[in-house]
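Novice: If you're matching positions, the sequence shown starts at 15 in my numbering and goes up one per residue.
Be careful, since some hints might not be right.
Taking lysine-lysine pairs in the DSS-like style, the calculated list, with each CA pair at most 27 Å apart, reads [unchecked claim]:
1. Lys218 with Lys283
2. Lys139 with Lys231
3. Lys139 with Lys283
4. Lys218 with Lys139
5. Lys218 with Lys231
No wet-lab data here; the hints were simulated from the structure.
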Amino acid sequence: MDLLIQSIVLVGVLFLLLGGGFWVAMALAAVGLVALEMFSSAPPGLIMSTSVWGATATWTLASLPLFVWMGEILFRTKLSEDMFRGLAPWLGRLPGRLIHVNILGCAVFAAVSGSSAATAMTVGKMAIPELLRRGYDERFVIGSLAGSGTLGLLIPPSIILIVYGVSAEVSIVQLFIAGILPGVMVAGLFMTYAGIWALMRPGKVPANDFKLTFWEKVKASRRLIPVLLLIGFVIGSIYQGWATATEAAAFGVFGSLVLSAATGSLTWKSFSESLMGATRTSCMIVFIIAGAAFLSVAMGYTGIPRTLAQLIRDFDLSPYWLLVALTVLFVILGCFLDGISVVVLTTAVILPMVEAAGIDLLWFGIYVVLVVEMSQITPPVGFNLFVLQGLTGRDILYVARAALPFFLLMVVAVGLLMAFPEIATWLPAQATARP
15 MDLLIQSIVL VGVLFLLLGG GFWVAMALAA VGLVALEMFS SAPPGLIMST SVWGATATWT
75 LASLPLFVWM GEILFRTKLS EDMFRGLAPW LGRLPGRLIH VNILGCAVFA AVSGSSAATA
135 MTVGKMAIPE LLRRGYDERF VIGSLAGSGT LGLLIPPSII LIVYGVSAEV SIVQLFIAGI
195 LPGVMVAGLF MTYAGIWALM RPGKVPANDF KLTFWEKVKA SRRLIPVLLL IGFVIGSIYQ
255 GWATATEAAA FGVFGSLVLS AATGSLTWKS FSESLMGATR TSCMIVFIIA GAAFLSVAMG
315 YTGIPRTLAQ LIRDFDLSPY WLLVALTVLF VILGCFLDGI SVVVLTTAVI LPMVEAAGID
375 LLWFGIYVVL VVEMSQITPP VGFNLFVLQG LTGRDILYVA RAALPFFLLM VVAVGLLMAF
435 PEIATWLPAQ ATARP
């Protein structure tokens, strides 16, 4: 009964603060203070100072601002325009044709930005007007963009994977490698569905108007290919063990600056804007991590996570039923919070339960990100839906209906990940086993 009362009080305080418009980091820290003051005799000031310092003064976090800055630099090289011009000539013969630009374009930009909303917004600004002008079905264009925008959370280098790695004390390099195959799987599911949809509705897909030779296609992709090579080098250097995540991020920033200079888009204004944008985003994320770290330690003093973990053992709840319950929880939270906030908010309580159930934390990190992705397009109030509503002017229910097939595809992806955990664990195991 004491556990129930404590949990209700703390959850009530959290939602009261979030509903009142408090920053997520402040809300997390405030709940930690309430937990220590009401349910523990430990000194809050000392615990806050040590936990915040311990969570933020770590070399692991150094890759975070570097990857964010890399994305900010490439964002200002008109990458979205280059993606459309570079990808479109190669996709004319596929069923669905330029619909695949949404999917592959989001996958490319996802590897740059690491943000779901930024991916949907940036690619959508270019792709939606162009595809509608060419006569593609508006509903499917919006739906494919809503679904594909979520790839920003999973495909490495992913900011949310860095946050999870720090919170759960799991290797960020291993998480990046683990995210590759699930990211490819989700993109593959989307492209397969787009192709089947196009074959069943041939009248809604315009004829191929890209009659180019191979070298003409290469010429059209001349500004996209270097970006793809840079992303491939950053991820490949991590996988091959040539560089740590932080070193790879530094290479990514240097390469982004070189590409930006080569394309003529590196000006003092774009440089300073990218640097300030990366600083703001990184400070926000680290602030949230600090608040979550304090909450995590505070929860440990109250004994709630330990008691919940013991309950899991006593109930003998199977890992699958635990994951089903957590999936519902994450989808609900994703309706109200961004992905990073969901991860740092839940790890303090959930990770002891997950470990008690014998679930691998590396696999669980990929599962969490995939489910959080899914929640970004959860009808009717997913985060990406509001982004696309602003882009298209359509009401939120129309956008939600357009995104529903892709939401269901992500449910399938979560099921596949649970049925075949090797999708996430095989590649890291190969990297570890390699001499």
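Novice: Is the Cα-Cα distance between Lys218 and Lys231 27 Å or less?
Specialist: 25 Å, holds
Novice: Measure nothing beyond the straight line between the CA atoms of Lys139 and Lys283; if it is 27 Å or shorter, mark the hint as holding.
Specialist: 22 Å, holds
Novice: Measure nothing beyond the straight line between the CA atoms of Lys139 and Lys231; if it is 27 Å or shorter, mark the hint as holding.
Specialist: 23 Å, holds
Novice: Has the given pair, Lys218 with Lys139, been kept, meaning a C-alpha gap of at most 27 Å?
Specialist: Judged against 27 Å, a Cα distance of about 21 Å means the pair holds.
Novice: Given the hint that Lys218 pairs with Lys283, test it: the Cα-Cα distance must not exceed 27 Å.
Specialist: It is violated: about 43 Å lies between the C-alpha atoms, which goes past 27 Å.
Of the numbered hints stated above, the single one contradicted by the structure is hint 1.
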